[in-house]
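*Asks:* The residues making up each chain are set out below.
There are 2 protein chains.
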Amino acid sequence: MRYLIVDTSSRVLLLLANNGKGEIALWASNLDRYGSTLATIIEQTMNQLHLSCRELDFVGAGIGPGSLTGLRVGLSILKGLTFPFDTPIVPFNSLDVLARGLDFDDYLIMRKAREGHYYWREYSRGVARGLTQLSSTQEIVNTTDPSRTILCLEKKENALKFLNYEIEIIQSPSPLSMKTIVLETFERKETVSGQDLSPIYLQRSVAEINWDDRNCENR
Amino acid sequence: MRYLIVDTSSRVLLLLANNGKGEIALWASNLDRYGSTLATIIEQTMNQLHLSCRELDFVGAGIGPGSLTGLRVGLSILKGLTFPFDTPIVPFNSLDVLARGLDFDDYLIMRKAREGHYYWREYSRGVARGLTQLSSTQEIVNTTDPSRTILCLEKKENALKFLNYEIEIIQSPSPLSMKTIVLETFERKETVSGQDLSPIYLQRSVAEINWDDRNCENR
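Going line by line, the protein sequences match chains E and A.
Residue 71 in numbering that gives the first Met the number 0 sits at position 72 of the first sequence; the count goes up by one each step and never skips.
Residue 164 in numbering that gives the first Met the number 0 sits at position 165 of the second sequence; the count goes up by one each step and never skips.
Think of the hints as simulated: they come from the structure by calculation, not from any bench.
Beta carbons are placed, not taken as given, at the ideal position from N, Cα and C, and that holds for glycine.
Treat the hints with care, since some could be wrong.
In the SDA-like style, the derived pairs of lysine to any residue whose C-alpha atoms are separated by at most 25 Å in a straight line are [what the hints assert, rightly or not]:
hint, chain 1, residue 1, chain 2, residue 2
1, E, K178, A, E153
2, E, K111, A, L175
3, A, K20, E, E42
4, A, K20, E, R10
For each label pair, taking beta carbons as the anchor points, the in silico distance ranges come out as [claimed, not checked]:
hint, chain 1, residue 1, chain 2, residue 2, range
5, E, D144, A, F84, 52 to 60 Å
6, A, K20, E, N46, 21 to 29 Å
7, A, K20, E, N141, 31 to 39 Å
8, A, F103, E, A206, 45 to 53 Å
9, A, A206, E, A158, 52 to 60 Å
10, A, Q137, E, I169, 42 to 50 Å
11, A, S171, E, S146, 34 to 42 Å
12, A, K20, E, N214, 30 to 38 Å
Taking beta-carbon pairs under 10 Å as the criterion, some of the chain E residues facing chain A (in silico) [unchecked claim]:
hint, residue
13, N18
14, E22
15, I23
16, A24
17, W26
18, N29
19, L30
20, D31
21, T36
22, I40
23, T44
24, L48
25, H49
26, Q170
27, P174
Next up, chain E with everything else stripped away, as it sits in the complex:
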């Protein structure tokens, strides 16, 4: 099988391409505006594998939650790549990649959203137990049991807000976990067309909120 998988939901770009024999997995963090070079990175990776868009059996797309700009750029490129050949797309939750391989009974994978808020999802031994949510720090503290639930954070400094909890700092997300999740999803035939691909969109962007605020003030 030949495929390309991309997750642009955070400052870490995850990319994996496979031509049925060879495979390239790429992990990039803190690239300057990788949005502007993502198409090049994809093209170069596929060239190394002598892989053309026409040949792809499917494309995996990380749909967040996370950086809205990152997701927009990533999903737009994947839509463009798949449109000419109606290539099926396998969407996957970006938090699921972080959850994979963690062997706790009950834990939340948490990703910083806007100030004082987190995207989060509950897992048990790698399996999601509910929908992806957006809550304030206080809401999370109010609704989870520190004696039962482990909080998994991407950065140590965010642990200070959750003093009574057992905290786990999430390892760098792995392109190989991403691959496993996408292959499983493709097996279950959970694919969409490029037209129906959309990010997990739980909050309005700060730009949208500011826009509304400004417009109200001006009235």
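Please build the complex by placing chain A on the supplied structure of chain E, with the hints as guidance.
*Replies:* Showing chain A alone in chain E's frame:
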């Protein structure tokens, strides 16, 4: 710090580059003759990071043991990159990367050499306990204690030759383990110049053996 690290000792190419802020880690398996494209892969990765050879504080080089062709190509390119600027090179043992993160008291990391032989090195909790060696399957069985030593192999099918041993199949080597090892080595100032960079060379290649055989026959 700005650096480039490359390991070409196996069918899995490991590459990591860092420009002091952003980082790209690449893992590629079963690329067709990656020797012929390795320079391009390095150049593209460094370009993504706006990183030039002149700026590199050091270059990390996996010196095997492993594929002689892979090592020759990889080390030649690194010598070329570092020669103009006398960039220090941090050599590292490629088996150390596989050993990193394994938490056993006593284990061998083993990599297939020529038919019936293995490169191997003994470790305790990630720390090497001796030199890298080349031995036949029988020699390894004769000199290691199955009740004490775990054998770590890259492929399941090789386990059949070691029936009384506890076998661990090695995970894909990680560019991030490689980075940790190289940064530690650089801290200890264990660097060499490009001129002094050479692979761990424990066996003559099959080509060399055949050459000698043929020449002896011809005499």
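*Asks:* Indicate, hint by hint, whether the structure satisfies it.
*Replies:* Comparing the hints with the structure gives:
Simply put, E:K178 and A:E153 have alpha-carbon atoms about 20 Å apart, close enough for the 25 Å limit, and the pair holds. A threshold of 25 Å between alpha carbons decides the hint, and for E:K111 with A:L175 the separation of about 24 Å falls inside it, so the pair holds. For the hint pairing A:K20 with E:E42, the CA-to-CA distance comes to about 24 Å; that is within 25 Å, so the pair holds. Under the criterion of a C-alpha separation no larger than 25 Å, the hint pairing A:K20 with E:R10 is consistent with the structure, at around 12 Å.
Taking 52 to 60 Å as the suggested C-beta distance range, the pair E:D144 and A:F84 conforms, at roughly 57 Å. The hinted window of 21 to 29 Å between A:K20 and E:N46 holds, with their beta carbons roughly 27 Å apart. For the pair A:K20 and E:N141, the beta carbons lie near 38 Å from each other, so the given range of 31 to 39 Å is met. Here the CB-CB span from A:F103 to E:A206 is close to 52 Å, well matched to the stated 45 to 53 Å.
For A:A206 and E:A158, the hinted distance range of 52 to 60 Å is satisfied, since their beta carbons lie about 56 Å from each other. Distance hint check: the CB atoms of A:Q137 and E:I169 are about 45 Å apart, consistent with the given range 42 to 50 Å. Distance hint check: the CB atoms of A:S171 and E:S146 are about 36 Å apart, consistent with the given range 34 to 42 Å. Taking 30 to 38 Å as the suggested C-beta distance range, the pair A:K20 and E:N214 conforms, at roughly 37 Å.
Because the smallest distance between the Cβ of E:N18 and any Cβ of chain A comes to about 9 Å, under 10 Å, the interface hint for this residue holds. Because the smallest distance between the Cβ of E:E22 and any Cβ of chain A comes to about 5 Å, under 10 Å, the interface hint for this residue holds. A cut of 10 Å between beta carbons decides the hint on E:I23: the least distance to chain A is about 4 Å, and the hint holds. Hint on E:A24 holds. Least Cβ distance to chain A is approximately 4 Å, under the 10 Å limit.
Taking 10 Å as the C-beta contact cut-off toward chain A, the hint placing E:W26 at the interface holds, the least distance being around 4 Å. Interface hint status for E:N29: upheld, as the beta-carbon distance to the closest one in chain A is roughly 4 Å, under 10 Å. Look at E:L30: its Cβ gets to within about 5 Å of chain A, closer than 10 Å, so that hint holds up. Among the interface hints, the one on E:D31 holds; its C-beta lies about 6 Å from the nearest C-beta in chain A, closer than the 10 Å criterion.
A cut of 10 Å between beta carbons decides the hint on E:T36: the least distance to chain A is about 6 Å, and the hint holds. For E:I40, the suggested interface contact is upheld, since its CB lies about 6 Å from the closest CB of chain A, less than 10 Å. A least Cβ separation of about 9 Å between E:T44 and chain A falls short of the 10 Å threshold, and the interface hint therefore holds. Taking 10 Å as the C-beta cut-off, the interface hint given for E:L48 holds, the closest approach to chain A being about 7 Å.
A distance limit of 10 Å between C-beta atoms decides the matter here; for E:H49 the minimum to chain A is near 7 Å, and the interface restraint holds. Against a cut-off of 10 Å between C-beta atoms, the interface hint on E:Q170 holds, since the closest Cβ of chain A lies about 9 Å away. Restraint check, E:P174 versus chain A: the minimum CB separation of about 7 Å is within 10 Å; hint holds.
The structure fails none of the hints (numbered hints given earlier).
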